[in-house]
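Student: Sequence:
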Amino acid sequence: KNLLLVIDYAAEKAEIIGKWIRAIQQSRSCPLKMRIVLLERQGVTKANEQTIQPLWYQQIYEASGKMLGNIQYPPRNGFYELPLFNKEEMFQVMDMHPQAKSKLTQAVKKEIYNKIVSFSDGYQDERFNTPLIALLLVDAHVNGEDLPDPEQLMEYVIRRNKDSWERTFSSYGKNEDLVKALERSMVYATATGGCDLTKLPAPLADDKELLIDTLEMDGMNQLPALIAGDDQQHHQLEPLKPDIIGEYFVLDYINRNRYADNCKGMIEACWKKSDEFLSFLIRCVRSYLGKFQVLVFEEPPILFQGADSGYQSRVLFEMTTLPGKNLCQEAVKHINRLYQERKELQLAKILAMGLINLSASQEEVEARQTVAELKALSERWPGKPEIALAYAKGLFNLSFEQKDVKARQTVDELKTFSKKWPENPEIAFEYAKGLVNL
84 KNLLLVIDYA
94 AEKAEIIGKW
104 IRAIQQSRSC
114 PLKMRIVLLE
124 RQGVTKANEQ
134 TIQPLWYQQI
144 YEASGKMLGN
154 IQYPPRNGFY
164 ELPLFNKEEM
174 FQVMDMHPQA
184 KSKLTQAVKK
194 EIYNKIVSFS
204 DGYQDERFNT
214 PLIALLLVDA
224 HVNGEDLPDP
234 EQLMEYVIRR
244 NKDSWERTFS
254 SYGKNEDLVK
264 ALERSMVYAT
274 ATGGCDLTKL
284 PAPLADDKEL
294 LIDTLEMDGM
304 NQLPALIAGD
314 DQQHHQLEPL
324 KPDIIGEYFV
334 LDYINRNRYA
344 DNCKGMIEAC
354 WKKSDEFLSF
364 LIRCVRSYLG
374 KFQVLVFEEP
384 PILFQGADSG
394 YQSRVLFEMT
404 TLPGKNLCQE
414 AVKHINRLYQ
424 ERKELQLAKI
434 LAMGLINLSA
444 SQEEVEARQT
454 VAELKALSER
464 WPGKPEIALA
474 YAKGLFNLSF
484 EQKDVKARQT
494 VDELKTFSKK
504 WPENPEIAFE
514 YAKGLVNL
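In my numbering, the protein residues as written are 84 to 521.
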(Lines of atoms letter the chains of each structure in order from A; the text may use other names.)
(Lines give C-alpha, C1' and ligand atoms only; values in the text may rest on other atoms or scores of the structure.)
Protein backbone atom coordinates (compact mmCIF):
# COMPACT_ATOMS: atom_id res chain seq x y z
CA LYS A 84 0.00 0.00 0.00
CA ASN A 85 1.05 3.60 -0.46
CA LEU A 86 2.07 5.14 2.85
CA LEU A 87 2.19 8.72 4.13
CA LEU A 88 3.89 9.47 7.47
CA VAL A 89 3.73 12.94 9.06
CA ILE A 90 6.07 13.75 11.96
CA ASP A 91 5.46 16.94 13.92
CA TYR A 92 8.17 18.56 16.10
CA ALA A 93 10.80 16.76 14.02
CA ALA A 94 13.68 18.53 15.81
CA GLU A 95 12.83 16.85 19.11
CA LYS A 96 13.92 13.41 17.86
CA ALA A 97 16.23 14.39 15.00
CA GLU A 98 18.85 11.66 15.49
CA ILE A 99 16.26 8.94 16.07
CA ILE A 100 14.40 9.99 12.91
CA GLY A 101 17.67 9.93 10.94
CA LYS A 102 18.52 6.40 12.08
CA TRP A 103 14.95 5.30 11.39
CA ILE A 104 15.10 6.70 7.83
CA ARG A 105 18.35 4.81 7.30
CA ALA A 106 16.74 1.59 8.49
CA ILE A 107 13.75 2.15 6.18
CA GLN A 108 16.02 2.83 3.21
CA GLN A 109 17.84 -0.44 3.82
CA SER A 110 14.68 -2.47 4.45
CA ARG A 111 13.05 -4.80 1.94
CA SER A 112 9.67 -4.39 3.62
CA CYS A 113 8.98 -0.80 2.51
CA PRO A 114 5.96 0.01 0.38
CA LEU A 115 6.76 0.99 -3.20
CA LYS A 116 5.40 4.49 -2.65
CA MET A 117 6.15 6.16 0.65
CA ARG A 118 6.19 9.84 1.65
CA ILE A 119 7.59 11.28 4.89
CA VAL A 120 6.64 14.85 5.85
CA LEU A 121 8.68 16.44 8.66
CA LEU A 122 7.10 19.48 10.30
CA GLU A 123 9.19 22.13 12.04
CA ARG A 124 9.06 25.87 12.63
CA GLN A 125 12.62 26.53 11.46
CA GLY A 126 13.37 25.99 7.79
CA VAL A 127 16.25 27.07 5.57
CA THR A 128 17.65 30.59 5.59
CA LYS A 129 19.60 32.43 2.91
CA ALA A 130 22.86 34.35 3.31
CA ASN A 131 25.20 35.50 0.51
CA GLU A 132 23.31 33.28 -1.95
CA GLN A 133 24.01 30.29 0.29
CA THR A 134 21.29 28.05 1.66
CA ILE A 135 21.77 27.48 5.40
CA GLN A 136 20.04 24.34 6.62
CA PRO A 137 18.73 24.22 10.19
CA LEU A 138 20.66 22.21 12.74
CA TRP A 139 17.85 19.68 13.23
CA TYR A 140 17.92 18.84 9.51
CA GLN A 141 21.71 18.47 9.54
CA GLN A 142 21.41 16.05 12.46
CA ILE A 143 18.83 13.95 10.62
CA TYR A 144 21.03 14.04 7.50
CA GLU A 145 24.11 12.80 9.40
CA ALA A 146 22.20 10.17 11.40
CA SER A 147 20.67 8.80 8.17
CA GLY A 148 24.17 8.12 6.86
CA LYS A 149 23.55 10.96 4.37
CA MET A 150 20.82 8.82 2.77
CA LEU A 151 18.38 11.69 3.31
CA GLY A 152 19.96 13.48 0.37
CA ASN A 153 18.96 10.62 -1.95
CA ILE A 154 15.28 10.61 -1.04
CA GLN A 155 14.40 14.23 -0.33
CA TYR A 156 11.99 15.96 -2.69
CA PRO A 157 14.10 17.95 -5.22
CA PRO A 158 12.25 21.30 -5.48
CA ARG A 159 13.24 23.92 -2.88
CA ASN A 160 16.02 21.67 -1.58
CA GLY A 161 13.43 19.47 0.10
CA PHE A 162 11.88 22.31 2.12
CA TYR A 163 8.40 23.69 1.57
CA GLU A 164 7.43 26.88 3.37
CA LEU A 165 3.73 27.25 4.09
CA PRO A 166 2.36 30.22 2.13
CA LEU A 167 1.10 33.29 3.98
CA PHE A 168 -2.62 34.05 4.09
CA ASN A 169 -3.74 37.04 2.05
CA LYS A 170 -6.21 39.64 3.34
CA GLU A 171 -9.34 37.79 2.22
CA GLU A 172 -8.16 34.54 3.79
CA MET A 173 -7.42 36.36 7.04
CA PHE A 174 -10.93 37.82 6.96
CA GLN A 175 -12.33 34.29 6.64
CA VAL A 176 -10.32 33.24 9.70
CA MET A 177 -11.67 36.23 11.68
CA ASP A 178 -15.22 35.18 10.79
CA MET A 179 -14.61 31.85 12.57
CA HIS A 180 -14.69 33.56 15.98
CA PRO A 181 -17.99 32.71 17.75
CA GLN A 182 -18.93 36.40 18.17
CA ALA A 183 -17.72 37.53 14.75
CA LYS A 184 -21.19 38.10 13.22
CA SER A 185 -22.35 40.44 15.97
CA LYS A 186 -19.04 42.17 16.76
CA LEU A 187 -17.02 42.43 13.54
CA THR A 188 -17.71 44.95 10.82
CA GLN A 189 -15.69 45.10 7.62
CA ALA A 190 -13.93 48.20 8.96
CA VAL A 191 -12.94 46.39 12.18
CA LYS A 192 -11.58 43.43 10.20
CA LYS A 193 -9.47 45.80 8.10
CA GLU A 194 -8.18 47.41 11.30
CA ILE A 195 -7.24 44.01 12.75
CA TYR A 196 -5.58 43.01 9.47
CA ASN A 197 -3.50 46.21 9.48
CA LYS A 198 -2.45 45.36 13.03
CA ILE A 199 -1.33 41.88 11.91
CA VAL A 200 0.77 43.49 9.18
CA SER A 201 2.32 45.92 11.69
CA PHE A 202 2.99 43.13 14.24
CA SER A 203 4.75 41.11 11.55
CA ASP A 204 6.76 44.07 10.23
CA GLY A 205 5.09 44.05 6.85
CA TYR A 206 4.83 40.24 6.84
CA GLN A 207 8.60 39.85 7.37
CA ASP A 208 8.25 38.39 10.88
CA GLU A 209 6.84 34.88 10.50
CA ARG A 210 5.68 34.65 14.11
CA PHE A 211 2.76 37.07 13.80
CA ASN A 212 1.31 36.65 10.32
CA THR A 213 -0.63 33.51 11.20
CA PRO A 214 -4.35 32.65 11.47
CA LEU A 215 -3.86 32.14 15.22
CA ILE A 216 -2.82 35.79 15.71
CA ALA A 217 -5.87 36.89 13.70
CA LEU A 218 -8.21 34.94 16.02
CA LEU A 219 -6.48 36.21 19.17
CA LEU A 220 -6.76 39.82 18.01
CA VAL A 221 -10.46 39.31 17.26
CA ASP A 222 -10.92 37.88 20.75
CA ALA A 223 -9.16 40.90 22.26
CA HIS A 224 -11.36 43.28 20.24
CA VAL A 225 -14.52 41.45 21.31
CA ASN A 226 -13.43 41.89 24.94
CA GLY A 227 -12.68 45.60 24.52
CA GLU A 228 -8.87 45.31 24.57
CA ASP A 229 -6.66 47.52 22.40
CA LEU A 230 -3.28 45.81 22.08
CA PRO A 231 -0.59 47.95 20.42
CA ASP A 232 2.17 45.31 20.20
CA PRO A 233 2.65 41.50 20.13
CA GLU A 234 3.97 41.31 23.69
CA GLN A 235 0.75 42.83 25.04
CA LEU A 236 -1.23 40.33 22.98
CA MET A 237 0.69 37.46 24.64
CA GLU A 238 0.12 39.03 28.07
CA TYR A 239 -3.60 39.40 27.31
CA VAL A 240 -3.96 35.68 26.53
CA ILE A 241 -1.93 34.69 29.60
CA ARG A 242 -4.02 37.00 31.77
CA ARG A 243 -7.18 35.34 30.44
CA ASN A 244 -5.74 31.96 31.44
CA LYS A 245 -4.95 33.19 34.94
CA ASP A 246 -8.48 34.58 35.29
CA SER A 247 -9.73 31.11 34.41
CA TRP A 248 -7.47 29.57 37.08
CA GLU A 249 -8.80 32.00 39.67
CA ARG A 250 -12.36 30.98 38.83
CA THR A 251 -11.35 27.33 39.17
CA PHE A 252 -10.09 27.98 42.71
CA SER A 253 -12.82 30.46 43.69
CA SER A 254 -14.50 28.06 46.12
CA TYR A 255 -11.27 27.37 48.03
CA GLY A 256 -9.37 29.43 50.56
CA LYS A 257 -5.85 30.66 49.80
CA ASN A 258 -7.03 31.44 46.29
CA GLU A 259 -3.97 33.59 45.44
CA ASP A 260 -1.50 30.99 46.75
CA LEU A 261 -3.19 28.26 44.70
CA VAL A 262 -2.98 30.34 41.52
CA LYS A 263 0.74 30.99 42.11
CA ALA A 264 1.36 27.28 42.79
CA LEU A 265 -0.47 26.36 39.60
CA GLU A 266 1.40 29.04 37.64
CA ARG A 267 4.79 27.59 38.67
CA SER A 268 3.56 24.08 37.86
CA MET A 269 2.37 25.28 34.43
CA VAL A 270 5.77 26.87 33.74
CA TYR A 271 7.44 23.52 34.44
CA ALA A 272 4.83 21.54 32.47
CA THR A 273 5.07 23.87 29.45
CA ALA A 274 8.87 23.81 29.42
CA THR A 275 9.11 20.02 29.65
CA GLY A 276 6.14 18.77 27.62
CA GLY A 277 3.78 18.05 30.51
CA CYS A 278 4.00 16.62 34.02
CA ASP A 279 2.16 14.62 36.66
CA LEU A 280 0.91 17.07 39.30
CA THR A 281 1.42 14.50 42.04
CA LYS A 282 5.08 13.97 41.00
CA LEU A 283 6.39 17.51 40.68
CA PRO A 284 10.18 17.86 41.19
CA ALA A 285 11.71 18.94 44.50
CA PRO A 286 11.77 22.73 43.77
CA LEU A 287 7.98 22.56 43.39
CA ALA A 288 7.36 20.30 46.39
CA ASP A 289 5.59 23.04 48.39
CA ASP A 290 3.29 23.75 45.45
CA LYS A 291 2.48 20.06 45.11
CA GLU A 292 1.65 19.76 48.81
CA LEU A 293 -0.56 22.88 48.75
CA LEU A 294 -2.50 21.66 45.72
CA ILE A 295 -2.94 18.12 47.11
CA ASP A 296 -3.93 19.31 50.61
CA THR A 297 -6.46 21.79 49.20
CA LEU A 298 -7.94 19.93 46.25
CA GLU A 299 -7.54 16.36 47.52
CA MET A 300 -7.12 13.57 44.98
CA ASP A 301 -10.48 14.00 43.23
CA GLY A 302 -9.73 17.66 42.61
CA MET A 303 -6.18 16.89 41.48
CA ASN A 304 -7.51 14.37 38.95
CA GLN A 305 -10.00 16.91 37.56
CA LEU A 306 -7.61 19.88 37.47
CA PRO A 307 -5.69 18.99 34.24
CA ALA A 308 -8.98 18.80 32.30
CA LEU A 309 -10.15 22.12 33.76
CA ILE A 310 -6.88 23.78 32.78
CA ALA A 311 -7.03 22.26 29.28
CA GLY A 312 -10.62 23.50 28.96
CA ASP A 313 -12.19 20.22 27.88
CA ASP A 314 -13.93 17.19 29.34
CA GLN A 315 -11.47 14.55 28.20
CA GLN A 316 -9.48 12.44 30.63
CA HIS A 317 -5.99 13.88 31.19
CA HIS A 318 -3.30 11.87 32.93
CA GLN A 319 -0.99 14.84 33.35
CA LEU A 320 -0.85 18.62 33.33
CA GLU A 321 -0.53 19.63 29.67
CA PRO A 322 1.68 22.49 28.39
CA LEU A 323 0.07 25.89 27.92
CA LYS A 324 -1.05 26.09 24.30
CA PRO A 325 -0.74 27.41 21.62
CA ASP A 326 3.06 27.09 21.52
CA ILE A 327 3.79 30.77 20.91
CA ILE A 328 1.75 31.67 24.02
CA GLY A 329 3.36 28.98 26.16
CA GLU A 330 6.84 30.04 25.08
CA TYR A 331 6.25 33.67 26.04
CA PHE A 332 4.61 32.55 29.31
CA VAL A 333 7.69 30.55 30.39
CA LEU A 334 10.32 33.09 29.31
CA ASP A 335 8.44 36.00 30.87
CA TYR A 336 8.03 34.12 34.17
CA ILE A 337 11.73 33.20 34.29
CA ASN A 338 12.74 36.76 33.40
CA ARG A 339 10.63 38.21 36.23
CA ASN A 340 11.90 35.67 38.77
CA ARG A 341 15.43 35.01 37.53
CA TYR A 342 17.15 35.98 40.79
CA ALA A 343 14.91 33.76 42.94
CA ASP A 344 16.48 30.51 44.16
CA ASN A 345 13.32 28.47 43.52
CA CYS A 346 13.33 29.67 39.89
CA LYS A 347 16.93 28.49 39.44
CA GLY A 348 16.01 25.19 41.06
CA MET A 349 13.06 24.75 38.72
CA ILE A 350 15.28 25.30 35.66
CA GLU A 351 17.74 22.70 36.95
CA ALA A 352 14.77 20.34 37.26
CA CYS A 353 13.77 21.16 33.67
CA TRP A 354 17.23 20.12 32.46
CA LYS A 355 16.69 16.72 34.07
CA LYS A 356 14.22 16.27 31.17
CA SER A 357 16.93 17.54 28.86
CA ASP A 358 15.62 16.47 25.46
CA GLU A 359 12.20 17.98 26.09
CA PHE A 360 13.56 21.23 27.56
CA LEU A 361 16.15 21.63 24.79
CA SER A 362 13.44 21.21 22.15
CA PHE A 363 11.31 23.79 23.93
CA LEU A 364 14.16 26.33 24.11
CA ILE A 365 15.02 25.87 20.44
CA ARG A 366 11.41 26.67 19.59
CA CYS A 367 11.71 29.69 21.89
CA VAL A 368 14.66 30.92 19.81
CA ARG A 369 12.33 31.17 16.82
CA SER A 370 9.69 33.02 18.85
CA TYR A 371 10.89 35.15 21.75
CA LEU A 372 14.36 34.30 23.05
CA GLY A 373 15.87 37.21 21.12
CA LYS A 374 13.71 39.52 23.25
CA PHE A 375 14.81 37.73 26.43
CA GLN A 376 18.50 37.36 25.53
CA VAL A 377 19.53 38.37 29.05
CA LEU A 378 18.41 34.88 30.13
CA VAL A 379 21.16 33.39 27.92
CA PHE A 380 23.94 36.00 27.96
CA GLU A 381 23.87 37.20 31.57
CA GLU A 382 26.57 35.70 33.79
CA PRO A 383 25.74 33.14 34.97
CA PRO A 384 22.98 32.47 32.41
CA ILE A 385 19.79 31.53 34.24
CA LEU A 386 18.47 29.36 31.39
CA PHE A 387 21.54 27.14 31.53
CA GLN A 388 21.36 26.26 35.24
CA GLY A 389 22.05 22.50 35.27
CA ALA A 390 22.71 22.22 31.50
CA ASP A 391 25.85 20.61 30.10
CA SER A 392 27.97 22.42 27.50
CA GLY A 393 26.50 20.45 24.59
CA TYR A 394 22.94 21.56 25.32
CA GLN A 395 24.06 25.13 25.93
CA SER A 396 25.90 25.28 22.60
CA ARG A 397 22.83 23.95 20.74
CA VAL A 398 20.65 26.79 22.02
CA LEU A 399 23.39 29.36 21.40
CA PHE A 400 23.89 28.11 17.85
CA GLU A 401 20.19 28.56 17.09
CA MET A 402 20.57 32.19 18.18
CA THR A 403 23.22 32.68 15.48
CA THR A 404 20.47 32.07 12.90
CA LEU A 405 18.41 35.06 14.07
CA PRO A 406 18.61 38.41 12.24
CA GLY A 407 21.12 40.90 13.64
CA LYS A 408 24.91 40.73 13.67
CA ASN A 409 25.24 41.72 17.35
CA LEU A 410 23.06 38.85 18.54
CA CYS A 411 24.99 36.39 16.38
CA GLN A 412 28.33 37.75 17.58
CA GLU A 413 27.35 37.44 21.24
CA ALA A 414 26.10 33.87 20.74
CA VAL A 415 29.33 32.84 18.96
CA LYS A 416 31.39 34.39 21.77
CA HIS A 417 29.59 32.22 24.32
CA ILE A 418 29.93 29.06 22.17
CA ASN A 419 33.65 29.77 21.85
CA ARG A 420 33.97 30.11 25.61
CA LEU A 421 32.34 26.67 26.05
CA TYR A 422 34.66 25.22 23.40
CA GLN A 423 37.78 26.70 25.02
CA GLU A 424 36.79 25.09 28.32
CA ARG A 425 36.39 21.57 26.91
CA LYS A 426 37.98 21.43 23.41
CA GLU A 427 35.55 18.69 22.31
CA LEU A 428 34.87 17.82 18.66
CA GLN A 429 31.09 18.28 18.95
CA LEU A 430 31.58 21.78 20.38
CA ALA A 431 34.11 22.52 17.62
CA LYS A 432 31.51 21.56 14.97
CA ILE A 433 28.86 23.81 16.50
CA LEU A 434 31.35 26.67 16.86
CA ALA A 435 32.31 26.24 13.18
CA MET A 436 28.65 26.47 12.09
CA GLY A 437 28.15 29.54 14.27
CA LEU A 438 31.22 31.19 12.72
CA ILE A 439 29.79 30.55 9.23
CA ASN A 440 26.59 32.36 10.18
CA LEU A 441 28.59 35.20 11.72
CA SER A 442 30.78 35.64 8.64
CA ALA A 443 27.63 35.89 6.50
CA SER A 444 26.46 38.94 8.48
CA GLN A 445 29.77 40.84 8.61
CA GLU A 446 31.57 43.38 6.47
CA GLU A 447 34.92 42.47 4.92
CA VAL A 448 37.31 43.37 7.77
CA GLU A 449 35.28 41.56 10.44
CA ALA A 450 34.55 38.62 8.12
CA ARG A 451 38.29 38.21 7.51
CA GLN A 452 38.88 37.80 11.28
CA THR A 453 36.04 35.27 11.53
CA VAL A 454 37.42 33.26 8.59
CA ALA A 455 40.84 33.27 10.28
CA GLU A 456 39.16 31.66 13.31
CA LEU A 457 37.59 29.05 11.01
CA LYS A 458 40.98 28.33 9.46
CA ALA A 459 42.58 27.88 12.88
CA LEU A 460 39.73 25.56 13.89
CA SER A 461 40.17 23.43 10.74
CA GLU A 462 43.92 23.18 11.46
CA ARG A 463 43.17 22.20 15.06
CA TRP A 464 40.91 19.38 13.77
CA PRO A 465 42.59 18.03 10.60
CA GLY A 466 40.69 15.34 8.76
CA LYS A 467 37.27 16.44 10.02
CA PRO A 468 35.16 17.14 6.89
CA GLU A 469 32.42 19.15 8.65
CA ILE A 470 34.94 21.66 10.03
CA ALA A 471 36.84 21.80 6.73
CA LEU A 472 33.56 22.53 4.92
CA ALA A 473 32.80 25.31 7.42
CA TYR A 474 36.13 26.96 6.57
CA ALA A 475 35.33 26.71 2.84
CA LYS A 476 31.92 28.30 3.42
CA GLY A 477 33.56 31.05 5.42
CA LEU A 478 35.96 31.74 2.55
CA PHE A 479 33.04 31.98 0.15
CA ASN A 480 31.25 34.42 2.48
CA LEU A 481 34.42 36.52 2.64
CA SER A 482 34.81 36.56 -1.16
CA PHE A 483 31.20 37.69 -1.43
CA GLU A 484 32.08 40.87 0.51
CA GLN A 485 35.28 41.57 -1.42
CA LYS A 486 36.01 43.12 -4.78
CA ASP A 487 38.52 42.56 -7.57
CA VAL A 488 42.01 41.56 -6.40
CA LYS A 489 41.08 40.61 -2.82
CA ALA A 490 38.15 38.47 -3.99
CA ARG A 491 40.42 36.70 -6.49
CA GLN A 492 42.95 35.97 -3.73
CA THR A 493 40.23 34.49 -1.52
CA VAL A 494 38.89 32.32 -4.36
CA ASP A 495 42.46 31.15 -5.07
CA GLU A 496 42.66 30.16 -1.42
CA LEU A 497 39.41 28.22 -1.89
CA LYS A 498 40.93 26.49 -4.91
CA THR A 499 44.03 25.47 -2.95
CA PHE A 500 41.92 24.24 -0.06
CA SER A 501 39.56 22.24 -2.29
CA LYS A 502 42.59 20.39 -3.73
CA LYS A 503 43.39 19.20 -0.20
CA TRP A 504 39.91 17.59 -0.12
CA PRO A 505 39.58 16.01 -3.59
CA GLU A 506 37.02 13.49 -2.32
CA ASN A 507 34.71 16.16 -0.86
CA PRO A 508 32.25 17.50 -3.48
CA GLU A 509 30.72 19.98 -1.01
CA ILE A 510 34.03 21.84 -0.67
CA ALA A 511 34.44 21.77 -4.46
CA PHE A 512 30.96 23.27 -4.70
CA GLU A 513 31.97 26.22 -2.46
CA TYR A 514 34.95 26.82 -4.76
CA ALA A 515 32.67 26.68 -7.81
CA LYS A 516 30.28 29.22 -6.25
CA GLY A 517 33.26 31.45 -5.49
CA LEU A 518 34.30 31.30 -9.17
CA VAL A 519 30.78 32.14 -10.33
CA ASN A 520 30.59 35.05 -7.92
CA LEU A 521 34.04 36.28 -9.01
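Since the hints were made in silico from the structure, they are not lab data. Remember, it's a predicted structure, so these values are computed and weren't measured experimentally. Possibly wrong hints are sitting among the right ones.
Unchecked claim - Pairs of lysine to any residue residues, derived as SDA-like cross-links and limited to a Cα-Cα distance of at most 20 Å, are as follows:
| no. | residue 1 | residue 2 |
| --- | --- | --- |
| 1 | K356 | L309 |
| 2 | K282 | R250 |
| 3 | K245 | K186 |
| 4 | K324 | H180 |
| 5 | K355 | P284 |
| 6 | K149 | L138 |
| 7 | K426 | N409 |
| 8 | K324 | D296 |
| 9 | K186 | D222 |
| 10 | K149 | K356 |
| 11 | K291 | D326 |
| 12 | K282 | D246 |
| 13 | K96 | Y336 |
| 14 | K467 | Q492 |
| 15 | K102 | K355 |
Student: Within 20 Å, alpha carbon to alpha carbon, are K324 and D296?
Tutor: violated, 27 Å
Student: Compare the distance between the alpha carbons of K149 and L138 with 20 Å, and conclude whether the hinted pair is satisfied.
Tutor: holds, 14 Å
Student: Keeping to a limit of 20 Å between CA atoms, is the pair of K291 and D326 held or broken?
Tutor: Not satisfied, since the Cα-Cα distance of roughly 25 Å exceeds 20 Å.
Student: Taken at face value, is the distance from the CA of D222 to the CA of K186 at most 20 Å?
Tutor: Distance ~10 Å between K186 and D222 Cα, so the pair holds.
Student: Checking one constraint from the list: CA of K102 to CA of K355, max 20 Å. Satisfied?
Tutor: Violated: K102 and K355 sit about 24 Å apart, past 20 Å.
Student: Regarding the pair K282 and D246, is the alpha-carbon distance no greater than 20 Å?
Tutor: Violated, at about 25 Å.
Student: K356 and L309 were given as a pair; does the straight-line alpha-carbon distance stay at or below 20 Å?
Tutor: Between K356 and L309 the Cα gap is close to 25 Å, so the pair fails against 20 Å, i.e. violated.
Student: Given the proposed pairing of K96 with Y336, does the C-alpha separation stay at or below 20 Å?
Tutor: This hinted pair is violated, its Cα atoms lying about 27 Å apart.
Student: With the threshold set at 20 Å, check whether the alpha-carbon distance from K245 to K186 stays at or below it.
Tutor: Measuring from Cα to Cα gives roughly 25 Å; hence the hint is violated.
Student: Compare the distance between the alpha carbons of K426 and N409 with 20 Å, and conclude whether the hinted pair is satisfied.
Tutor: Violated, at roughly 25 Å.
Student: Can you confirm whether the C-alpha distance between K355 and P284 stays at or below 20 Å?
Tutor: holds, 10 Å
Student: Can the restraint linking K149 and K356 be considered satisfied, given a maximum Cα separation of 20 Å?
Tutor: violated, 29 Å
The structure fails hints 1, 2, 3, 7, 8, 10, 11, 12, 13, 14 and 15 (numbered hints given earlier, in ascending order).
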